[in-house]
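Number of protein chains: 2
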Amino acid sequence: MYLYSTLRTYLEDASSAKPTPGGGSIAAAAGALGMSMACMAANFTVGKKKFKAVEGEVRKQLDACMKARDDLLRLMDEDTRAYAEVSAAYGMPKETPEEKTARTAAIQAALVVAMDAPLKAVRVCRDALRATAALVEIANPNLISDVGVAALLGEAALRAAKLNVEINLHGLKDKNLVEKTRAEIDEAAVEWKTHAAAVMTRVVKGVGGTV
Amino acid sequence: MYLYSTLRTYLEDASSAKPTPGGGSIAAAAGALGMSMACMAANFTVGKKKFKAVEGEVRKQLDACMKARDDLLRLMDEDTRAYAEVSAAYGMPKETPEEKTARTAAIQAALVVAMDAPLKAVRVCRDALRATAALVEIANPNLISDVGVAALLGEAALRAAKLNVEINLHGLKDKNLVEKTRAEIDEAAVEWKTHAAAVMTRVVKGVGGTV
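Each protein sequence line maps, in turn, to chains A and B.
Sequential numbering from 1 applies to the first sequence in this note's numbering.
Sequential numbering from 1 applies to the second sequence in this note's numbering.
Just chain A, same shape as in the assembly (with noise of 0.2 Å):
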């Protein structure tokens, strides 16, 4: 769908008056944009006989750094199409009773599956962060501002992205699930704050700046 658009196709469609795409692809991409820089990071290290000793650990790292990129990439293009449903569902006729109830479950239907795509955002950018947690303290240090980006960007992408599965559940009448979800990204922020804080701290230390 976008994967294989240009940026600035992407951007021009991002912002104009259509559903799609919106908030919870926007928000992926941000994520996978941040992943690419945690990778540059990695592949600056790896193959060096200066950082031979952690060679194995940032291969490591590298690999989920990856991973979180391409799934990131993916949930970009899963979100806007599962988005497209929703505005389906809400442009359905609503004159009837019949058509009014039909809308209504047809509406949360679609709210549940839209919700997804988010929500494996939190968890990719939760398991971004980790990895670049690891990865700051043991990648080439003259990358260390990219290490930076990255933790920025997976933080922001991530509250972005809970952003995006707070907005569905706020019209969820399913109350076991909102319940259920929203323990879920709010134990993901959590976690998210501990490493971005702990990354950040590291990174403004090495180029002598301000968080």
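Derived by calculation from the structure, the hints in this document are not laboratory data.
One should not assume that every hint holds.
Stated by the list, open to error - In the DSSO-like style, the derived pairs of lysine-lysine whose C-alpha atoms are separated by at most 30 Å in a straight line are:
(1) B/K67 <-> B/K120
(2) B/K49 <-> B/K205
(3) A/K205 <-> B/K60
(4) B/K173 <-> A/K50
(5) B/K52 <-> B/K205
(6) B/K49 <-> A/K205
(7) B/K60 <-> A/K18
(8) A/K193 <-> B/K120
(9) B/K94 <-> B/K175
Stated by the list, open to error - Partner residues aside, some chain B positions facing chain A, computed with beta carbon under 8 Å:
(10) L3
(11) L7
(12) A27
(13) M37
(14) L73
(15) R130
(16) L163
(17) N176
Claimed, not checked - Chain B residues, not near chain A, derived (Cβ > 10 Å throughout):
(18) K49
(19) A53
(20) D63
(21) E85
(22) R159
(23) T194
Using N, Cα and C, we set each Cβ at its ideal position, and we do this for glycine too.
Chain A is fixed; fit chain B onto it per the hints.
For chain B alone, kept in the frame of chain A given last:
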């Protein structure tokens, strides 16, 4: 350069063991992604009877967000071109004293140029966050989570661009330029925090979530 590449190609190149595209380019791209969501929210507001009273102001902020998005897309490529110069300077020979002097001078000149793209990105993101803070008050509230995504990515892009200014400041010997630039980015950071916090308080209230 990458503006008309596919996202896949841009991210493959960014992930690889090549110096560019690096953190400054990725920061600008993430900011552009965020701004597309502010544009979408504005585009779902203008021309609607319900929001007639704020039409002029929304159009003004839409123009500001589109300008920010396009400026950031240009900076994405400008950073890549500028950073290639730094990389070339570091690769200069350093055997003789003359070579060392020439290399140091070339690095210093390239760092000043390379700092310019992320510094411009900091300024654009600051303006973008101002426009987003104005929009959150008046845009179609159905798009509130998208305005939130714009603020989250605008904030992360500003911080990531700032990090890329700081890594260049780290290597710069011109004390006056270092001081002047640091004062500017620190001031932008203070302003960003105010705007981002204001937007997110409003957004989180709107979606019934947690920050």
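Evaluated hints:
1. B/K67 <-> B/K120: holds (13 Å)
2. B/K49 <-> B/K205: Holds. B/K49 to B/K205 sits at ~25 Å (cutoff 30 Å).
3. A/K205 <-> B/K60: violated (40 Å)
4. B/K173 <-> A/K50: Holds, because 28 Å separates the two Cα atoms, which is no more than 30 Å.
5. B/K52 <-> B/K205: holds (24 Å)
6. B/K49 <-> A/K205: Violated, at roughly 52 Å.
7. B/K60 <-> A/K18: holds (20 Å)
8. A/K193 <-> B/K120: holds (28 Å)
9. B/K94 <-> B/K175: holds (25 Å)
10. L3: Holds: closest Cβ of chain A sits about 6 Å from B/L3, inside 8 Å.
11. L7: holds (6 Å)
12. A27: holds (6 Å)
13. M37: Holds - the Cβ of B/M37 comes within 8 Å of chain A, reaching about 6 Å at its closest.
14. L73: holds (7 Å)
15. R130: This interface hint is violated because 18 Å lies over the 8 Å limit.
16. L163: holds (5 Å)
17. N176: Violated, about 17 Å.
18. K49: Holds: least Cβ distance 15 Å, greater than 10 Å.
19. A53: Fine: 19 Å to the nearest Cβ keeps B/A53 off the interface.
20. D63: holds (12 Å)
21. E85: Holds, because the least Cβ-Cβ distance between B/E85 and chain A comes to about 17 Å, which exceeds 10 Å.
22. R159: At about 5 Å from chain A, B/R159 fails to clear the 10 Å cut-off, so the statement is violated.
23. T194: The assertion about B/T194 holds, with a minimum of 16 Å to chain A.
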